[in-house]
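Top to bottom, those sequences are chains U and D. For what it's worth, the working numbering labels the leading residue of the first sequence as 1, then goes sequentially. For what it's worth, the working numbering labels the leading residue of the second sequence as 1, then goes sequentially.
What the hints contain is simulated information worked out from the structure, not anything from laboratory work. A couple of the hints might just be wrong.
Note that identical chains are pooled: a pair holds if it fits in a single copy or bridges any two copies.
[Unchecked claim] With a cut-off of at most 27 angstroms between alpha-carbon atoms, the simulated BS3-like pairs for lysine-lysine come out as follows: (1) 91 x 4; (2) 405 x 4; (3) 406 x 131; (4) 408 x 131; (5) 131 x 216; (6) 216 x 119; (7) 216 x 4; (8) 406 x 119; (9) 91 x 119.
Protein chains: 2
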Amino acid sequence: MERKRCEIICVGTELLLGDVLNTNAQYLARGLSELGLDLFVQTVVGDNEARMESAVRSAMERAEILLFTGGLGPTADDLTKEVVARCFGRKLLIDAQALEEIRSFYTLTRRPMPISNEKQALLPEGGIILKNPQGTAPGCVLFSDRGHTAVLMPGPPREMRPMFDREVVPFLRQFSSGTLLSRVVRVISLGESRMAEMLSDLMDEGVNPTLAPYAKDGEAMVRVTARADSREAALALTEPVIREIRQRLGRHVYGVDVNSLEEVIAGLLAESGLKASFLEAGSGGLAACRMQAADGASGVCGASLSAPDLSGLAPLLGIPRLLPENPADACAFLSRESGRQLDALVRAVIWQNGTQYACAVTVEGETRQYVQSMPSRGLDYYRTAAVQACFDMMRLMLLDRLDAKKQK
Amino acid sequence: MERKRCEIICVGTELLLGDVLNTNAQYLARGLSELGLDLFVQTVVGDNEARMESAVRSAMERAEILLFTGGLGPTADDLTKEVVARCFGRKLLIDAQALEEIRSFYTLTRRPMPISNEKQALLPEGGIILKNPQGTAPGCVLFSDRGHTAVLMPGPPREMRPMFDREVVPFLRQFSSGTLLSRVVRVISLGESRMAEMLSDLMDEGVNPTLAPYAKDGEAMVRVTARADSREAALALTEPVIREIRQRLGRHVYGVDVNSLEEVIAGLLAESGLKASFLEAGSGGLAACRMQAADGASGVCGASLSAPDLSGLAPLLGIPRLLPENPADACAFLSRESGRQLDALVRAVIWQNGTQYACAVTVEGETRQYVQSMPSRGLDYYRTAAVQACFDMMRLMLLDRLDAKKQK
Numbered sequence: 001m002e003r004k005r006c007e008i009i010c011v012g013t014e015l016l017l018g019d020v021l022n023t024n025a026q027y028l029a030r031g032l033s034e035l036g037l038d039l040f041v042q043t044v045v046g047d048n049e050a051r052m053e054s055a056v057r058s059a060m061e062r063a064e065i066l067l068f069t070g071g072l073g074p075t076a077d078d079l080t081k082e083v084v085a086r087c088f089g090r091k092l093l094i095d096a097q098a099l100e101e102i103r104s105f106y107t108l109t110r111r112p113m114p115i116s117n118e119k120q121a122l123l124p125e126g127g128i129i130l131k132n133p134q135g136t137a138p139g140c141v142l143f144s145d146r147g148h149t150a151v152l153m154p155g156p157p158r159e160m161r162p163m164f165d166r167e168v169v170p171f172l173r174q175f176s177s178g179t180l181l182s183r184v185v186r187v188i189s190l191g192e193s194r195m196a197e198m199l200s201d202l203m204d205e206g207v208n209p210t211l212a213p214y215a216k217d218g219e220a221m222v223r224v225t226a227r228a229d230s231r232e233a234a235l236a237l238t239e240p241v242i243r244e245i246r247q248r249l250g251r252h253v254y255g256v257d258v259n260s261l262e263e264v265i266a267g268l269l270a271e272s273g274l275k276a277s278f279l280e281a282g283s284g285g286l287a288a289c290r291m292q293a294a295d296g297a298s299g300v301c302g303a304s305l306s307a308p309d310l311s312g313l314a315p316l317l318g319i320p321r322l323l324p325e326n327p328a329d330a331c332a333f334l335s336r337e338s339g340r341q342l343d344a345l346v347r348a349v350i351w352q353n354g355t356q357y358a359c360a361v362t363v364e365g366e367t368r369q370y371v372q373s374m375p376s377r378g379l380d381y382y383r384t385a386a387v388q389a390c391f392d393m394m395r396l397m398l399l400d401r402l403d404a405k406k407q408k
Numbered sequence: 001m002e003r004k005r006c007e008i009i010c011v012g013t014e015l016l017l018g019d020v021l022n023t024n025a026q027y028l029a030r031g032l033s034e035l036g037l038d039l040f041v042q043t044v045v046g047d048n049e050a051r052m053e054s055a056v057r058s059a060m061e062r063a064e065i066l067l068f069t070g071g072l073g074p075t076a077d078d079l080t081k082e083v084v085a086r087c088f089g090r091k092l093l094i095d096a097q098a099l100e101e102i103r104s105f106y107t108l109t110r111r112p113m114p115i116s117n118e119k120q121a122l123l124p125e126g127g128i129i130l131k132n133p134q135g136t137a138p139g140c141v142l143f144s145d146r147g148h149t150a151v152l153m154p155g156p157p158r159e160m161r162p163m164f165d166r167e168v169v170p171f172l173r174q175f176s177s178g179t180l181l182s183r184v185v186r187v188i189s190l191g192e193s194r195m196a197e198m199l200s201d202l203m204d205e206g207v208n209p210t211l212a213p214y215a216k217d218g219e220a221m222v223r224v225t226a227r228a229d230s231r232e233a234a235l236a237l238t239e240p241v242i243r244e245i246r247q248r249l250g251r252h253v254y255g256v257d258v259n260s261l262e263e264v265i266a267g268l269l270a271e272s273g274l275k276a277s278f279l280e281a282g283s284g285g286l287a288a289c290r291m292q293a294a295d296g297a298s299g300v301c302g303a304s305l306s307a308p309d310l311s312g313l314a315p316l317l318g319i320p321r322l323l324p325e326n327p328a329d330a331c332a333f334l335s336r337e338s339g340r341q342l343d344a345l346v347r348a349v350i351w352q353n354g355t356q357y358a359c360a361v362t363v364e365g366e367t368r369q370y371v372q373s374m375p376s377r378g379l380d381y382y383r384t385a386a387v388q389a390c391f392d393m394m395r396l397m398l399l400d401r402l403d404a405k406k407q408k
C-alpha cells in the first residue's frame, strides 16, 4: 500500500493571538509518528470561513489524511464542520443519536440545552461520528470522492486527547505501514556542530535509521529514527548505529533514551553506594535543585548549600573565611575541607560570577578542578554551563572509580 | 498605511515528529498581537527543501511579512536561509563581521571552529543581520522585490526570544498602526477562576482596554490590553482599570508589570535592609534558586541550605537532630533556631513531601507557619506550590513590617 500523507490543521483565533499554547499539534504529531504515518505540514488558521477553506483546499493538494482540532463548538464562530464538508462535497445532516446524547448531557446536569447546541449534532453524509465522553461536541470522520479522509476533533486538549487515543488511533491504524521508532543519544561537553562533524558520514548515509543532531540546554543530542514492521525490528535497526555513535563519541555519550544527566549521575551514585552534596556560589543552588528533582535521587543526596559568593559558604562549614584567592583553588579547597561538616563522600563546589566559572569535585579524597570563560550570554546560560561542567566532572570521576573497582 | 499581514513559519522536523512543543509560535503570535499586526496563518514544515520552498511561496501569496524560526544552525539540514533567499531572489554572501563573531566564540571557549559554522555567517544580499547574544547562529531580515519582508530567527527559544524582543520588535514597529499596550497584573494565593469571577463584569464590558485572565506556574494573572495612537494614550486607558483590579483583589495583587514574585520580595528586603536565607527539605532548594536569580537579589541573599528531609538540615545549623514531629512545627522551630548559625534576619523553612507541604518564616523574631495538602499532580507542581506559599508569606510579613514602620 502506498504511504498516506497526513496534515494537521488547528483552528482557533486564540492560537493566532498567542493566548493559548498549541499543545494539540505536538500531541497529534507524536501520535502520527508512533503510527508510522508521515506528517509534512501543520497549519494554524483562525475562525474565519474564507481562510479556513483556503487552508483545507491547499492541504487536500498535498495530503490524503487531514486531522483538524477546534471549531466544533456550538457558537457562530465554530465553522470547521461546515467548511470541511463543503470542501469535501458533503451535506450536513442532523444525527438523531448525536442529538440525543447532547440532550442527555443537559438533562444530567439539569440545565436547559441552548438551541445553538443542536448544531453540534450535524454530521456530514457518509461520515462516522466520534464520541466525546469529555464534552458536548462530538468529532467526526468524513471522506471525499477524491480519496481524502478528514478527522475532526474538538479543540480543548482534555476532550481531544481521549478522543484521539480511543477513537482515532484505532481508525488510523488501517493507513499505517509499520512503526517509527526514535531513540535519543545524549551528549555532553561536545558542541552540536563538532558532534555532527564526527558523525557526518553516518548522517549523510543514514536512510533507515536516519540521524538528526540537536542542541538543548547546554547539551547536544542525536536522534536515531528507524522504520520497520514491528517495534522489535525497528529497535534492531537502531542498535548497530547507536553502537557506532558510542564508539566515535566515547565518554561524551552520557546515556541513550534517558531523561537527564542528573538522572544518570544519581544512578552512578547509587551503584557506588555514595551520597553527593553541592556547595554553590553564584549558581543559585541550581545543581542541587536539578539533582534533587532527578528520579531515584532522594537516597543519594546529602545536604547542599548555596550563597551569592564563596565566602558566604565557608562559615556554615566551619571553615575560616580566608579562602585561596584563585576561584578554582578555592573550590577545590572547599570541596576537600567540607568533608569535616558534610557526611557526603562526593562533594561538588561551583563558583559562577559573570562570564567566569570554576568547579571542583571531591570523590572519596580525590579532587579535580576546572575553570572556564564563557561568551557573553546571560545568567541562565552561565549557570547552566557551570552546572553541566560540574555534573560531567562528577560523572567521569564516578565512572573512573567504578571502572577501577571492576578491574580489581 | 495599509495594515500588513503576517505569517509565522516554524521550521523543524522535530516539531513534526512531536518531539518538541512549539512554544515559539505562541511567543511570536503574542508579540505580533501586541504590535497590533495581523496574523492569519501559522505553519510548521520539516527540514525539507522542496516542502519548505512550497510553504514559503504559498505564504508570499497571502502575506507581506513572514517570520521564520529554526533551520539557521550549522548542519546540512539547516536550510531556512538558503530556501528563503531563493524564494526572495537574493544571493547569500559571507558577512565578515558575523564570521568574526562566530570565530571569537570559538577562540574564547578554546575550541576549534568546525568548518560547517562558516555557513552561519552567510547573509542574504541587501539583508540586515540580527545579533544572537545567546548562540552562534545570527538571524537576519531580507526583502523581496515584490515588497515582502522575511525575518529569520533561530529555533531554540532561549535564543529566539531575546532576538525577537530586542531586535525584531523595534524593527516591526514601523509596520504597526498605533500601539497595542499590554500590562500584566500578577496575582498570588487566588485561583484563576475565582479571580475571573471577581472581575467578571470588567472582563465582559472591557473593549478598550480588554481584560484576559491567565494561570501559570502556581499564579494567576490578568492581562489588560489597550489600543491607542501613542504609548502614553494607551497607558492612560489602562490606569483606571488597573486601579479597580487592585481595589478588588487587594493584597493578592503582588505587582503590575513585574518579572516575578521573587523580584518583588528582593525589593522589599532591600527596602527593609534585611537579608533572607532559605532552608529547604524536599523542595530541592527551588526557593533559594529562584530568589538568587532575581534582579537585585545578590545583596539580600544569605547562605541557603537544602536536603531531602528536615533532619538533613539540622546538623549544619548546630541544631540537634530531634525536631518537633509535626512538620509545620519543625519548620517554625528551624526558622527560629537557625538564627544562631545564619546571620540573615529573615529565614524561611520549606518542607515538601508528596502532596503535603509546610513552611515557616521568621522575620526579626516573629515567626508564622503554614501547612497545606495538595491534589495529586506531580513533583514540579508540589515544589512550586510550596515555594509560592512560602514566598507569599514572606512578602506579607515584610509588607506588614514596612507598614508598621511607616505608621510610627
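Do the hints match the structure? See the list:
no.: 1; hint: 91 x 4; verdict: within (25 angstroms within a copy, 36 angstroms between copies)
no.: 2; hint: 405 x 4; verdict: neither (54 angstroms within a copy, 68 angstroms between copies)
no.: 3; hint: 406 x 131; verdict: neither (47 angstroms within a copy, 50 angstroms between copies)
no.: 4; hint: 408 x 131; verdict: neither (53 angstroms within a copy, 54 angstroms between copies)
no.: 5; hint: 131 x 216; verdict: between (30 angstroms within a copy, 19 angstroms between copies)
no.: 6; hint: 216 x 119; verdict: between (39 angstroms within a copy, 20 angstroms between copies)
no.: 7; hint: 216 x 4; verdict: neither (32 angstroms within a copy, 34 angstroms between copies)
no.: 8; hint: 406 x 119; verdict: neither (61 angstroms within a copy, 46 angstroms between copies)
no.: 9; hint: 91 x 119; verdict: within (13 angstroms within a copy, 53 angstroms between copies)
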